[in-house]
Amino acid sequence: MSRILKILRPAASLTKRYGSQKGGGQSNWQYRMRKLGFELAIYKRYGLYTDDVLDYEPTVVHEALRRLPKDVLDARNFRLIRALQLDVLKQYLPREKWITYEQDLEYRYLQPYIQEINAEKTEIYEFGCPNYAEDDWPYHELK
Numbered sequence: 013m014s015r016i017l018k019i020l021r022p023a024a025s026l027t028k029r030y031g032s033q034k035g036g037g038q039s040n041w042q043y044r045m046r047k048l049g050f051e052l053a054i055y056k057r058y059g060l061y062t063d064d065v066l067d068y069e070p071t072v073v074h075e076a077l078r079r080l081p082k083d084v085l086d087a088r089n090f091r092l093i094r095a096l097q098l099d100v101l102k103q104y105l106p107r108e109k110w111i112t113y114e115q116d117l118e119y120r121y122l123q124p125y126i127q128e129i130n131a132e133k134t135e136i137y138e139f140g141c142p143n144y145a146e147d148d149w150p151y152h153e154l155k
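For the sequence shown, the working numbering assigns the number 13 to the initial residue and increments by one for each residue that follows.
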């Protein structure tokens with residue numbers, strides 16, 4: 013029981029500190045917690061953005077990657093290969109090349125495509141197309 017209290021006590025102090033500031037409100041608290049989570053993430057030290065580490069298996073992400081322009085996809089692949097190489101060498105990028113939270117928020121390159129695909133799926137669902145399955149996205153076709 014004491015181990016649980018040791019774990020929960022720091023979280024409670026974070027809630028008190030960030031939740032009770034004047035003018036902060038709920039959105040300021042959420043922003044600070046998201047930023048704290050990003051700061052604790054290791055992938056920023058390798059120069060990766062949040063969209064670089066999204067799970068590749070869901071069909072939405074797979075289709076979004078298929079729709080990306082070639083230069084954006086090449087930049088993503090370069091960042092992933094560089095991160096893998098640094099991980100093999102057990103090194104990080106220099107601190108000035110780390111991705112900041114503000115840079116990560118500005119460069120969410122997959123989100124517009126994911127939103128577009130979700131809107132298409134919603135439209136298909138609203139029209140009631142029973143023949144269109146979840147796995148029928150044409151990810152194997154070329155542009």
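Treat the hints as calculated values from the structure; they're not laboratory data. Being a predicted model, the structure only gives us computed values, none of them experimental. It is possible that some hints are incorrect.
Below, in silico cross-link-like pairs of lysine to any residue (SDA-like), each with a Cα-Cα straight-line distance of 20 Å or less [stated by the list, open to error]:
#  : residue 1 : residue 2
1  : K133      : K47
2  : K82       : L98
3  : K109      : E75
4  : K133      : Y68
5  : K109      : K133
6  : K109      : V72
7  : K109      : Y125
8  : K82       : D63
9  : K47       : V73
10 : K47       : K109
11 : K82       : R57
12 : K102      : Q115
13 : K47       : F90
14 : K109      : Y68
15 : K109      : G59
16 : K102      : Y119
17 : K109      : L80
18 : K47       : E114
19 : K109      : P124
20 : K82       : D99
21 : K109      : D99
22 : K109      : I129
23 : K109      : V84
24 : K47       : Q115
25 : K109      : A53
26 : K82       : G140
27 : K109      : T134
28 : K109      : R57
29 : K82       : V72
30 : K109      : V65
For each label pair, taking beta carbons as the anchor points, the in silico distance ranges come out as [to be verified]:
#  : residue 1 : residue 2 : range
31 : K102      : E138      : 44 to 52 Å
32 : E69       : T134      : 41 to 49 Å
33 : Q127      : K82       : 18 to 26 Å
34 : T71       : P106      : 35 to 43 Å
35 : A87       : A53       : 29 to 37 Å
Glycine is no exception: its CB is placed at the ideal position from the N, C-alpha and C atoms.
Evaluation of the provided hints:
no. : hint                      : in the structure
1   : K133 <-> K47              : 31 Å, violated
2   : K82 <-> L98               : 24 Å, violated
3   : K109 <-> E75              : 30 Å, violated
4   : K133 <-> Y68              : 18 Å, holds
5   : K109 <-> K133             : 38 Å, violated
6   : K109 <-> V72              : 30 Å, violated
7   : K109 <-> Y125             : 27 Å, violated
8   : K82 <-> D63               : 16 Å, holds
9   : K47 <-> V73               : 24 Å, violated
10  : K47 <-> K109              : 18 Å, holds
11  : K82 <-> R57               : 25 Å, violated
12  : K102 <-> Q115             : 24 Å, violated
13  : K47 <-> F90               : 25 Å, violated
14  : K109 <-> Y68              : 25 Å, violated
15  : K109 <-> G59              : 7 Å, holds
16  : K102 <-> Y119             : 26 Å, violated
17  : K109 <-> L80              : 24 Å, violated
18  : K47 <-> E114              : 9 Å, holds
19  : K109 <-> P124             : 26 Å, violated
20  : K82 <-> D99               : 26 Å, violated
21  : K109 <-> D99              : 16 Å, holds
22  : K109 <-> I129             : 32 Å, violated
23  : K109 <-> V84              : 19 Å, holds
24  : K47 <-> Q115              : 12 Å, holds
25  : K109 <-> A53              : 15 Å, holds
26  : K82 <-> G140              : 34 Å, violated
27  : K109 <-> T134             : 39 Å, violated
28  : K109 <-> R57              : 8 Å, holds
29  : K82 <-> V72               : 18 Å, holds
30  : K109 <-> V65              : 18 Å, holds
31  : K102 <-> E138: 44 to 52 Å : 50 Å, holds
32  : E69 <-> T134: 41 to 49 Å  : 21 Å, violated
33  : Q127 <-> K82: 18 to 26 Å  : 21 Å, holds
34  : T71 <-> P106: 35 to 43 Å  : 37 Å, holds
35  : A87 <-> A53: 29 to 37 Å   : 20 Å, violated
When each numbered hint is compared with the structure, violations occur for hints 1, 2, 3, 5, 6, 7, 9, 11, 12, 13, 14, 16, 17, 19, 20, 22, 26, 27, 32 and 35.
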